[in-house]
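Please take these sequences and the hints and turn them into a complete structure.
Respectively, the protein sequence lines represent chains S and G. Be aware that the first sequence starts at 1, since it is given in the working numbering, and climbs by one per residue. Be aware that the second sequence starts at 341, since it is given in the working numbering, and climbs by one per residue.
Rather than coming from a laboratory, the hints here were simulated on the basis of the structure. Be aware that one or more of the hints could be misleading.
[What the hints assert, rightly or not] Output of the computed footprint for chain G on chain S, the stretches with three or more beta carbons under 8 Å from beta carbons of chain G:
id	stretch
1	93–99
2	112–124
[To be verified] EDC-like, lysine to aspartate or glutamate: derived pairs with alpha carbons at most 20 Å apart:
id	chain 1	residue 1	chain 2	residue 2
3	G	419	S	212
4	G	374	G	364
5	S	232	S	212
6	G	446	G	480
7	G	386	S	109
8	S	79	G	667
9	G	427	S	109
Ideal Cβ positions, reconstructed from N, Cα and C, are used throughout, including at glycine.
Number of protein chains: 2
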Amino acid sequence: MVTLKQIAEVLGISITTVSKALKEYPDVSKKTRKLVRETAAMLNYKPNSFAVNLRTKESKTIGLIIPEIMHHFFSSVVKGIISQAEKKGYLVITLQSSESYDLEKKQIDLLLSKRVDGILISLANGTADYKHLTQVIENETPLVMFDKIAKTVKCSKVIIDDRKAAYKATQHLINIGCKRIAHFRGPLLPQNSIDRFLGYKQALIDNHIPYDSTLVYLLNDMSFEEGKFFAKELLKDHKDVDGIFINTDLVAIGAITEFKKQKIKVPKQINIIGFSNWFMASVISPSLTTINQPGFEMGKKAFKLLYKEIKDKKRKKIISYKDVILETDLVIRESTKKNY
Amino acid sequence: MVTLKQIAEVLGISITTVSKALKEYPDVSKKTRKLVRETAAMLNYKPNSFAVNLRTKESKTIGLIIPEIMHHFFSSVVKGIISQAEKKGYLVITLQSSESYDLEKKQIDLLLSKRVDGILISLANGTADYKHLTQVIENETPLVMFDKIAKTVKCSKVIIDDRKAAYKATQHLINIGCKRIAHFRGPLLPQNSIDRFLGYKQALIDNHIPYDSTLVYLLNDMSFEEGKFFAKELLKDHKDVDGIFINTDLVAIGAITEFKKQKIKVPKQINIIGFSNWFMASVISPSLTTINQPGFEMGKKAFKLLYKEIKDKKRKKIISYKDVILETDLVIRESTKKNY
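Below, the structure written as structure tokens:
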């Protein structure tokens, strides 16, 4: 690694002059500045970014915590974040909480101690206490939450209207003639699984379909295997169900797989709607009707909000928090009947 | 942000004493050290990690460059890397080259200027010049390549035997009776697409099946859409083809989708084998016969090698490079005939 000292020795000038020349100080002659720049380039000198960071108090890195990387939706969010971050010269430190509150807390501490310029987070399912998040804000580190958020934490958020989207999905099942509609819901804590459940329930009530809590199945890890398992349970418990609204596509694909195995016809016997619009949803058969959740746009928007806060903080402006709600739409495919 | 100065003021002692106490210097009394530690904890003091880094010359971060994040194989590699890095207290800066040599080069420069402790990389398809990589090694920053590697660069590598795996896939098509076997190959430059092509060709030769270059289709972006496109081309050009070995699952799934659309029966008319074993391969119909590529294990192994080099460098040991070749296996599903 080439140092300022080596450049100074090569040119026979002082280290201070080299340092000043590289910072384009006017008290070093233009000629010397040019010479130092060229020598530095020739020797492939790289400024020590930690020293630079100490000086500018900017790390030009942001932290990103997501529950899961191997996940179509989150990986599209990450892609959106990185696409914007690169444009602005920021590096992204990606960490995976694996849905664990303890890990998430530890990661927040790590990121703060690394003095990242800002943090983007989508909460773990296990997170019910938000002290680690308020700590970020008290620390004056910009924080933006997306997708799985804590409503009570005061910071900018990028979300979709989960309740509205779930209502739309359930309404569609009712429109095509479903009378007994089940719901595979997500875990108890995350706001998005609460909202999707409430949207489902509201659509039933508004259509004068009695709400039956035994038709709501509580999922834990939202996996393909859970989809198969609860499809099996449903067939045992409720032979009359003709529609299911499922919290996420991967689970819906598991359910379809089980129904195919048991020769239950989708959509003839059971109509299925998923949530997220994973790529996979379009290539399985029957292809899956689902709610399109704009992951890439969510990532882009979340970074943009964070970037603005970082800039505002630097200019000592007062930071105002924003709630951005992105639009979703229902993508109708083969897992639901065409006719009304 | 709490500073040493504030702790000093609270306790009415000098900043130097606070600093020494936090570093557990024996010239500060045990009692004072304890008091400082407790006060620091109470005030939620966090050491400035940039200053700590300057002192220890370790950043406890590593850089990771991959061609694509929204990709089943790479996201499983990332997961493997992160799982190991977390155990050792390392943060991972993940960057996406988007298959661009220029971006990859820029990212290497960025990571070096951030003084990461090591770099893990899977090359972009566009990378043919390796100066940016030899620069990392000359810079004495540990470097480990995985999956898409440059054979001539001297560093540790974690790969699979692509040629052997492709040979196995092609041999399986021959074993089940295929006579005219096409190959959808990857771009010209990456070593893995060269090796998969060579494995395909060798299997034909060893089985006395004449090699016909018109049966080899050169893909560019390896997308689902390309799979559909080349399936269409193949049906126009070669009606007699009864088997295809395809460079990656996503393309194979595109091809199957097109064949289904055109009422070509898979595997009755055309047998298909993919590569990678994406999750999707198991849930589409017909499910896809493919080569299982151990992404998670590859990520774990790559980090372990990098970690060893970082430690060896610290202890001023001579670093020895290792080539690790992970095992692959053929997963037989519905897209190939059962009978021999």
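Hint check:
By the rule of at least three residues with a Cβ nearer than 8 Å to a Cβ of chain G, the coverage given for the stretch 93–99 of chain S holds, with 4 such residues. Requiring three or more residues with a Cβ within less than 8 Å of a Cβ of chain G, the coverage given for the stretch 112–124 of chain S holds, as 4 such residues are present. About 40 Å separates the Cα atoms of residue 419/G and residue 212/S, which puts this hinted pair outside 20 Å; it is violated. A threshold of 20 Å between alpha carbons decides the hint, and for residue 374/G with residue 364/G the separation of about 9 Å falls inside it, so the pair holds.
In summary, the hint linking residue 232/S to residue 212/S is supported, as the alpha carbons are separated by about 19 Å, within the 20 Å threshold. Under the criterion of a C-alpha separation no larger than 20 Å, the hint pairing residue 446/G with residue 480/G is consistent with the structure, at around 18 Å. With a C-alpha separation of about 9 Å, the suggested pairing of residue 386/G with residue 109/S holds against the 20 Å cut-off. With a CA separation close to 30 Å, the supplied pair residue 79/S and residue 667/G exceeds the 20 Å bound.
Restraint check: the Cα-Cα separation between residue 427/G and residue 109/S comes to about 16 Å, which is no more than 20 Å; the hinted pair holds.
Violation of the numbered hints given earlier is confined to hints 3 and 8; the remaining hints are satisfied by the structure.
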